[in-house]
Amino acid sequence: MTTSHNPTNAAATEPYVLNIGPQHPSTHGVFRLRVVMDGEVIRDLDMIVGYLHRSMEKLAEERTYTQNIPFTDRADYLAAMSNNLGVCLAVERLAGVEVPERASYLRVIFAELQRIASHAMANGTLVSDAGAWQTPLLYMFREREKILDLFEMTCGARLTTNYMRIGGVSFDPPPEFWPALQELMDEMPTRIDEYASLVQDSEIFLARTRNVGVISAADAINGSLVGPALRGSGVPWDLRKAEPYCVYDRMNFEVPVGRHGDVYDRFMVRLEETRQSVEIIKQAMAQIPDGPHKTDIPLALRPPVGEVYGRVEGPRGELGFYLVSDGTPAPYRFHIRAPSLINLSLLREMAVGVSLPDAVVALGSLDIVVGDIDR
Amino acid sequence: MSTAPRPATPMARQILEHRSLLQRAYALPGEVFFPLLFVLLGGLAATVGIGFLVVAGYLDGRWYDIRDLGNGTSHFRYWAQQQGLPPSVAYLTTALLGGIGILSLVGGWLVIGSWVERRLIAKFQIRQGPNRNGLFGLLQPIADALKLIQKEVLIPVGADRLLFFLPPILIFLPAMLGWAPIPWAAKMSYVDMNVGVVYAIAISSLGVLAVFLAGWSSNNHYALLGAMRTVAMMVSYEIPISLSLLGVVLFTGSLQLSQIVVWQQTYHIWMVILLPFAAFAFLFASTAEINRTPNDIGEAESEIVAGFHTEYSGMKAGLFLAVELGNAILVGAMMSTVFFGGYSFFGLETWIPGYLILATKIGAVYFVFVWLRGTLPRFRLDQLMSFAWKFLIPLSIIQLLVVSVESLVIAQSDLPGLATVGGSVVVNLVLTYFGVRAWANAIGYAPNEMASPPIMTNGVGGLRAAEQIRAGR
Amino acid sequence: MESPGIIIAFWVLAAVTVGGCLMVLVARNLLHALVFLVLAFLGMAGLFVTLSADFIAVAQILIYAGSIAVLMVFAIMLTPLAARDNANSLYLLPALAAGLGIAGLVSVVAVITPWSELKGDALGQSDPVTTVSAIGDLLLGRYVLPFEVASILLFFALLGAIVLVHERRGPREGS
Chain D
1 MTTSHNPTNA
11 AATEPYVLNI
21 GPQHPSTHGV
31 FRLRVVMDGE
41 VIRDLDMIVG
51 YLHRSMEKLA
61 EERTYTQNIP
71 FTDRADYLAA
81 MSNNLGVCLA
91 VERLAGVEVP
101 ERASYLRVIF
111 AELQRIASHA
121 MANGTLVSDA
131 GAWQTPLLYM
141 FREREKILDL
151 FEMTCGARLT
161 TNYMRIGGVS
171 FDPPPEFWPA
181 LQELMDEMPT
191 RIDEYASLVQ
201 DSEIFLARTR
211 NVGVISAADA
221 INGSLVGPAL
231 RGSGVPWDLR
241 KAEPYCVYDR
251 MNFEVPVGRH
261 GDVYDRFMVR
271 LEETRQSVEI
281 IKQAMAQIPD
291 GPHKTDIPLA
301 LRPPVGEVYG
311 RVEGPRGELG
321 FYLVSDGTPA
331 PYRFHIRAPS
341 LINLSLLREM
351 AVGVSLPDAV
361 VALGSLDIVV
371 GDIDR
Chain S
1001 MSTAPRPATP
1011 MARQILEHRS
1021 LLQRAYALPG
1031 EVFFPLLFVL
1041 LGGLAATVGI
1051 GFLVVAGYLD
1061 GRWYDIRDLG
1071 NGTSHFRYWA
1081 QQQGLPPSVA
1091 YLTTALLGGI
1101 GILSLVGGWL
1111 VIGSWVERRL
1121 IAKFQIRQGP
1131 NRNGLFGLLQ
1141 PIADALKLIQ
1151 KEVLIPVGAD
1161 RLLFFLPPIL
1171 IFLPAMLGWA
1181 PIPWAAKMSY
1191 VDMNVGVVYA
1201 IAISSLGVLA
1211 VFLAGWSSNN
1221 HYALLGAMRT
1231 VAMMVSYEIP
1241 ISLSLLGVVL
1251 FTGSLQLSQI
1261 VVWQQTYHIW
1271 MVILLPFAAF
1281 AFLFASTAEI
1291 NRTPNDIGEA
1301 ESEIVAGFHT
1311 EYSGMKAGLF
1321 LAVELGNAIL
1331 VGAMMSTVFF
1341 GGYSFFGLET
1351 WIPGYLILAT
1361 KIGAVYFVFV
1371 WLRGTLPRFR
1381 LDQLMSFAWK
1391 FLIPLSIIQL
1401 LVVSVESLVI
1411 AQSDLPGLAT
1421 VGGSVVVNLV
1431 LTYFGVRAWA
1441 NAIGYAPNEM
1451 ASPPIMTNGV
1461 GGLRAAEQIR
1471 AGR
Chain E
2001 MESPGIIIAF
2011 WVLAAVTVGG
2021 CLMVLVARNL
2031 LHALVFLVLA
2041 FLGMAGLFVT
2051 LSADFIAVAQ
2061 ILIYAGSIAV
2071 LMVFAIMLTP
2081 LAARDNANSL
2091 YLLPALAAGL
2101 GIAGLVSVVA
2111 VITPWSELKG
2121 DALGQSDPVT
2131 TVSAIGDLLL
2141 GRYVLPFEVA
2151 SILLFFALLG
2161 AIVLVHERRG
2171 PREGS
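Those protein sequences? They're chains D, S and E, same order as listed. Reminder that position 10 of the first sequence reads as 10 in my numbering, one-by-one numbering, no gaps. To get my numbering, take the position in the second sequence, counting from 1, and add 1000. To get my numbering, take the position in the third sequence, counting from 1, and add 2000.
If you're looking for bench data, these hints aren't it; they were derived computationally from the structure. Be aware that a few hints might be false.
Claimed, not checked - Distance ranges between label pairs, derived from CB positions: (1) Ile1142(S) with Lys58(D): 23 to 31 angstroms; (2) Tyr2091(E) with Ala1143(S): 54 to 62 angstroms; (3) Val2149(E) with Trp1439(S): 25 to 33 angstroms; (4) Ala2009(E) with Pro1394(S): 52 to 60 angstroms; (5) Ile1397(S) with Asn19(D): 38 to 46 angstroms; (6) Ser1386(S) with Asp201(D): 17 to 25 angstroms; (7) Leu2090(E) with Thr1093(S): 54 to 62 angstroms; (8) Thr1266(S) with Ile2063(E): 18 to 26 angstroms; (9) Ala242(D) with Ala1143(S): 20 to 28 angstroms.
Built from N, CA and C at the ideal position, the CB exists for glycine as well.
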């Protein structure tokens, strides 16, 4: 791609500004891109965020730790379970709360179910961004719907689950949960093969995603990319392996990494991670012990003075909670390290110099959630 | 409790309890069921009777021979002449009747077609689709149209009012005019002009201007981008369309659509077998021409919102959507006439009215369009352009050379049609297969190198680990 | 000899054509002028239809209304400030003189041509079923040389267009 103008060119074009968003089909929420374009080619790009800012971190300073868990549901609204898990782990480390083993297994099961649901959403919308008339999206929604049914069965909510508690989980799943989960896990591998055959081998999809939005491994690390976007660039960094929390050290699973760092690799990494999640859930179902599902903690938990940074591998990557306690029931500082925001910062490198459709697909492959960006 | 079923959500229960059509028929009460049975049996008897009339030749060419509505109009003209009416009255009447026929046909298709498309896509997407308004949701398109009509038609600030007003009307013209030369039966075409093929191409090229004006006058960058994309694509894809139709014309030796059908009838072969590559080029290029998936880049929703009609609201937007659908049907009609034997079906047209056969074929092509839309992602503009200029056009030109030789052989040699046309079929199939492969290899098409699954690893690390993995552990 | 339908059609189409041409002159917005030009082209095509020259009519639509108009659209889009109103031009007087001269010439030719000689039998005899094959025969028979010359001219025009817009890479950008 030539990036400079030839002033002697008889048929030259002028750059112009295009506002993509805040209301646009492919920004996945209220998020705005201010793009300077020359014809179809993007010359410059600004990302304007903040349309969904709800001042979550400041509000959290007025509430107790347990009261803060529902906020995290609304931060990354496609991965509420993982967010719950992240904040609970951080508070438990800060306050030194022990978690029963059954609760740890339940947490793993629900976090992995959430990962499957979130990856289904991410991959489905990516294919829709590539122009498929939402068919793959709706196929992936079929399984996501079953997972949300399982959530509803367990904690009564589908999206904003508010399920994890400091020191465990809020409810033990009902007896009907386990056969339903078993049934879903048995059919999942064939369903994933279905998605793969629907999309992965489609030549149009390959042509749209191969060598588009390439991030090299070095760039990915320098841009502090996390999650499937980082692994798509070939870096084997998964907190479930690198820094096992809950009972991930007892699970046998592999981490998929991409070969080229393009959109297709990020798509495939998500698809393979779904398979691995199914494996993890199957192992957890086999190993889960009986016992209490939570420990009792005081309602107004007063952690000792200090600070903690707890992190989990959410569907979008490393989800960190930096908490500072001043000994009162409310946190002194409640900071969320949101993977979507950090991942988004590399969009400019991917989009400048390519055409608009490529930029849209690259944005889709980063799997942003605007609630996670703005909080 | 280990085998307890998963509790059904209300929607799932509703779907489970939803009875099929057959079950509903069984459950019909007697006072409905027996009259229905009577009607069905009566229809069967009528069919048998008509079959006898057809075999005995009592119908051929009579005014009540509804297998070809052209009989009726020609008898009417003859009668008017006998009565001493001026010929203009007879012609005007038949022209008006035909025009109303085509208009109501297209209008009916617009209503049924959008319902069919939505229901079909819903089936592809494991959904229900519209099923609330009327029987099976058949009234949904009318409800949509009513909604669109009562919406306000906005004119954006800074828009060129005249040019903003024109396009929805301009774009409707080709979608209607294009139906004129389509033969629905042997004598049943609105204008059986002897330049039918060229007329179809010319009329389709008129839509470009409307699209461009819509995009330009909206004073919106999305609309302008969509318009420029559409115009660039239409201009490029007119060439493969013309070249593929030219191959057909070389064989049939006539630009008249009815003659093309008659040629296919005479040799008992469909053009799609004789010219598979031309049929593919026509189908692909027409998806580009009428903005349908996988080539709907002119109104790519995820990129440029709605393309050239982003700023249109109310029934004006509705007109654009209707034209999109009408164009799909029109292309289906052209495609079935030129490549799929038109109103003929290997002798079936003596039994069944030709227009029903053609309508079925149009429906089949339309189904393919819907199927593509429900399945495929979208190309990028540069990919589409290079596909047209580097693949479709060169191969179409090569095919044209082959076809011109073959058509000369068919026209000049004394061998029976089976030998010459059959030989051409074999030659064309073989040449298409090897030609497409060779050309694809020559321009560097290698799909197998592209798809690579991710590497599965147990390792953890940073850049060095990444390099080790890429190097093969 | 001529039915009223043809006469009405002729006058309507003539009005459309001439009106379109006049509006091309009057319209100050270039794109409006283009739309009226297309209208004039369509009127011309209609006139050809009334003369039973259906191939010419269709070719008129295909080439002029379809392609030339799009070409002009691209020319307008790629020319900076082309969409502005047309200001008064230096060339107003010379253009007026040239236009009047051409109009006068055409009128003179139209007046002195013996149209009446082409009436009656000559027309009736050579009423071809289709004009397409006749045009084809002439193009590839009698007029094959001009046809080929025109195709070569168009080919070079195509090449020229590609050379004009081809963005050459500077020496620094190449690697």
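Subject >> Range hint compliance [Cβ, Leu2090(E) to Thr1093(S), 54 to 62 angstroms] >> reply: Once the Cβ atoms are compared, 58 angstroms apart, the range 54 to 62 angstroms for Thr1093(S) and Leu2090(E) holds.
**OP:** Indicate whether the distance between the beta carbons of Thr1266(S) and Ile2063(E) respects the range 18 to 26 angstroms.
**Re:** Violated, since Thr1266(S) and Ile2063(E) (Cβ atoms, about 33 angstroms apart) do not stay within the stated range.
**OP:** With respect to the beta-carbon atoms only, verify the hint that Ile1397(S) and Asn19(D) lie 38 to 46 angstroms apart.
**Re:** Between Ile1397(S) and Asn19(D), where Cβ atoms are some 43 angstroms apart, the hint holds.
Subject >> Whether the CB-CB distance between Ala2009(E) and Pro1394(S) falls inside 52 to 60 angstroms >> reply: 43 angstroms, violated
Original post:
Has the hinted range 20 to 28 angstroms been met by the Cβ atoms of Ala242(D) and Ala1143(S)?
Top reply: 56 angstroms, violated
**OP:** Mind checking the hinted window 17 to 25 angstroms against the Cβ distance between Ser1386(S) and Asp201(D)?
**Re:** 22 angstroms, holds
Original post:
Measuring from beta carbon to beta carbon, are Tyr2091(E) and Ala1143(S) in 54 to 62 angstroms?
Top reply: 58 angstroms, holds
**OP:** Can you let me know if the beta-carbon spacing of Ile1142(S) and Lys58(D) is within 23 to 31 angstroms?
**Re:** With Cβ atoms ~52 angstroms apart, the hint is violated.
Original post:
Quick one: are Val2149(E) and Trp1439(S) within 25 to 33 angstroms, going by C-beta?
Top reply: 31 angstroms, holds
Checked against the numbered hints given earlier, this structure breaks hints 1, 4, 8 and 9; the rest are met.
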